[in-house]
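We have chain A; now place chain B onto it with these hints.
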Amino acid sequence: MNFPSFYSQGKYLDILPSGVVIIRQDYTVVYWNRTIAGWTKISPQEILGCDLRERFPHLKERRYAMRIQQVFDGGPAALFSTQFHPHFIDAPLPGGGLRFQRTSVHSIQENGENCAVLFIDDVTDLVSQVKEFRRMKDLALAEIEERKKKEAALEESETRFREIFNLANDAIHLHELREDGLPGRFIDVNATACQMLGFGREELLSMSPLDLATEYHSRPLAQIGEEIRTLGQAIFETEHRRKDGSIVPVEVHAHVVVIQKRKIVLSIVRDISRRKRDELALLRLNRDLKTIIDNAPAMIWYKDTQNNFIRVNPAGARFAGMAIDEIEGKSCYDLFPDLAETYYQDDLEVITSGKPKLGIIEQMRTAQGKMLWVQTDKLPLRDEKGDIYGVLLFVTDITERKMAEDALALASRKINLLSSITRHDILNQITALKGYIYLLREETDLDTIAELVSKEDLITDAIEGQINFTRDYQDMGIRAPEWQNIADSVEKAKSILPVRDVAVNVETSNIQVFADLLFEKVFYNLIDNALRYGGPSLRNIRIFSQETENGLVLIVEDDGTGICARDREHLFQRGYGKHTGLGLFLCREILSLTGISIQETSEPGKGARFEILVPKGSYRFS
Amino acid sequence: MKMMIDETSVDAIRELINIGVGRAAGLLNDMTGTHIRLMVPEVRILRYNELIGQKGLLGYEKLSAVTLEFSGGFSGISMLVFPPESAAILITALTGEKIDAPELDALRIETLNEVGNIVNNAVMGSITNILNERLTYSMPLYTEGNIQQILGADLSKGFEWVILAISQFILSDLKVVGNILMIFEIGSLDALLLRIKESAGQIR
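Line order of the protein sequences matches chains A and B. Numbering-wise, numbering that gives the first Met the number 0 puts 297 at position 298 of the first sequence, and it's gapless, one number per residue. Numbering-wise, numbering that gives the first Met the number 0 puts 102 at position 103 of the second sequence, and it's gapless, one number per residue.
In isolation and in its complexed conformation, chain A is listed as follows (with noise of 0.2 Å):
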């Protein structure tokens, strides 16, 4: 087949940079060119005379076929652009995948024949250009719809660190940072701030804090500068002058921080004056509790839940006998091993009941070996959410109270004592003056009369010693013991004896005994029933003493006829004995108001012997 007219030009249609194709109305490709030989790979022998669909099936589609057929039958060429036909003869790059390519078909007569021309264009440059500015296109929507969002987001977070910012219940300050770290002009305060000092922000904003500081800082002023200028960060405290003058204290918490590759410092502000007056309240309250805890006559003991002790006074320390800081620290265990356990079972009770333990009346010996008795108090030590963490412990000395108290009772047995001893001895007396009036009566022998005369006024004087004695005894009843020289004691037993030529010999002149006023009642009765029942025999009464390991024994002996096993039984029982009952019975008593005890230790035939024990501590040598 042969085409000069128009493929006469086929060396002019080679040259072309676009791909041209002829086509028969069979399809039958009679013209190749070099471009698009190029571009597919398929040399123009290899193709002419062949069915360009049956190498490129996709144009048997309709949507091909219908309109090249449209240019075969003369129609207006047809246009295919590389969005709806981006491939219309595959043509495959080097790097891989297809060329783009717009083409369009116009028809033209080759020897009465109706043919097609295909114009091919490679647009994949375009193609790609076209993509990249898509996905430019994209990245930038993308970039502009994320910076909104940001924008957004940082226009809600600056409105809402804004309000933040205004609402604070401290004052914020941004200022200024100086090269030596002071503060320089104010960049922004909030709303607090302003409420603080009494300043508008603007005024704020024309002044540096320099300018709102006293001279008062907890620290120097240059190292607060360098904390700042160094750390990044200073806290510490100084006074702001408000607007009208006063004086407002303040916590100051500064940090460096970066806005816009600048560095400022951010201050927060805290208005510290009720602090102040808290701690300064709090300050005077503590002193105020150490003047009292270090002051106060009781014992004061902190411990904790394990028997350890937190804290004690100094009274405390005295009866412990070791310094403060000896026992603050250290375990019961160690300082009390004796007494430790049984100090925190009382100390479970209140822990674990929550339940102060008071009024605990107890025994306790000081480091100086004298014996107290003592009132504890215990009660539990809470902290701030109420756990307890301890047990707060006050410990008076009782002991004299205790004395007074004990002195109080026996006081009031010694006067039912003194009354019934009274009444029996006079009721005695009495019944013996009687009878002598009786035989007054009857008698006319002028020499009986006067020795009953005279009887009856040894039974008035009597009478009236009895009296006397009863007067002194209601006196010492009601006062306290005292330091008594047991010599001194008999002597006055002595004076009010008819001691006849009996002698009473006191060995213990330099001793003192801490006894009832009535001590020298029992040396009266102990030498009234030598020279009552001591018989004949009696020429001595000897009173002397020996301190033993329990105390200072002091013997009453004579070498009288001594005394018969049956009386030895019932010796101290009221009522009991010859004359009034009483004398040995009101001997005990007297005794035991001070601790002092009594016993009868005589051998038979060997006269009368009483042994009085003084326990320690109540007797002494003047």
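Derived by calculation from the structure, the hints in this document are not laboratory data. Treat the hints with care, since some could be wrong.
Quick list of simulated restraints, FRET-style, between CB atoms [to be verified]:
| # | chain 1 | residue 1 | chain 2 | residue 2 | range |
| --- | --- | --- | --- | --- | --- |
| 1 | A | 49 | B | 14 | 40 to 46 Å |
| 2 | A | 138 | B | 28 | 30 to 36 Å |
| 3 | A | 138 | B | 4 | 56 to 62 Å |
| 4 | A | 37 | B | 92 | 36 to 42 Å |
Which residues of chain B face chain A? A partial, calculated answer using Cβ under 7 Å [to be verified]:
| # | residue |
| --- | --- |
| 5 | 30 |
| 6 | 67 |
| 7 | 110 |
All C-beta atoms in this analysis are idealised placements derived from N, C-alpha and C, irrespective of residue type, glycine included.
Just chain B, lined up with the frame of chain A:
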């Protein structure tokens, strides 16, 4: 020359155009995989100098037009003209993407050019096939501007009548309106109508 426009002729022209756009719709369906219906609800014949004064669909400052000149037994210009919004919607509907950036003008123009080429070719093919007329055509040309700029001052001289076919591209729930203009040189519409009548006579 006396104009022989009657209702029958207008009906015949409407039918020819409908055949053409129907074929174009089929092609567009095949190309895009989108169901497109093309309808021509209104066909008017007016004088060329009345065209400039047409408001509504041709009253925009930026119209997109694909033009195809033809010559032979009757001569003139076949033209598919879209208002700007319709052009954008049509491209988005057909290609599935927005091609509205200035940098993508080439793509947009190429796409509209093919759509216009399909419609123009289908309409002209419909007319020439039925009338068994063979015409000579120019290369399709894409232009933008108002209707005067599209028509061009020098083109105004030899034209007499215009067939204005208002066409609707219906894509799912979208309705895009375009105008098919067939502008005839002096005497060419008469020649066309005569050919239509002759063909009708032959058919009978």
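Check the following: the C-beta atoms of residue 138(A) and residue 28(B) are separated by a distance inside 30 to 36 Å.
This hint holds: roughly 34 Å between Cβ atoms.
Hint check for residue 4(B) and residue 138(A) - Cβ pair distance inside 56 to 62 Å
holds (57 Å)
Taking the least C-beta to C-beta distance, is residue 67(B) closer than 7 Å to chain A?
holds (5 Å)
Does the Cβ-Cβ separation between residue 37(A) and residue 92(B) fall within 36 to 42 Å?
holds (37 Å)
Taking 7 Å as the limit, does the beta-carbon of residue 30(B) come near enough to a beta-carbon in chain A?
Since the shortest Cβ distance to chain A is 5 Å, the answer is holds.
CB of residue 49(A) to CB of residue 14(B), is that within 40 to 46 Å?
holds (41 Å)
Would the stated hint for residue 110(B) survive a check requiring a Cβ distance to chain A of less than 7 Å?
Since the shortest Cβ distance to chain A is 5 Å, the answer is holds.
Checked against the numbered hints above, the structure violates none of them.
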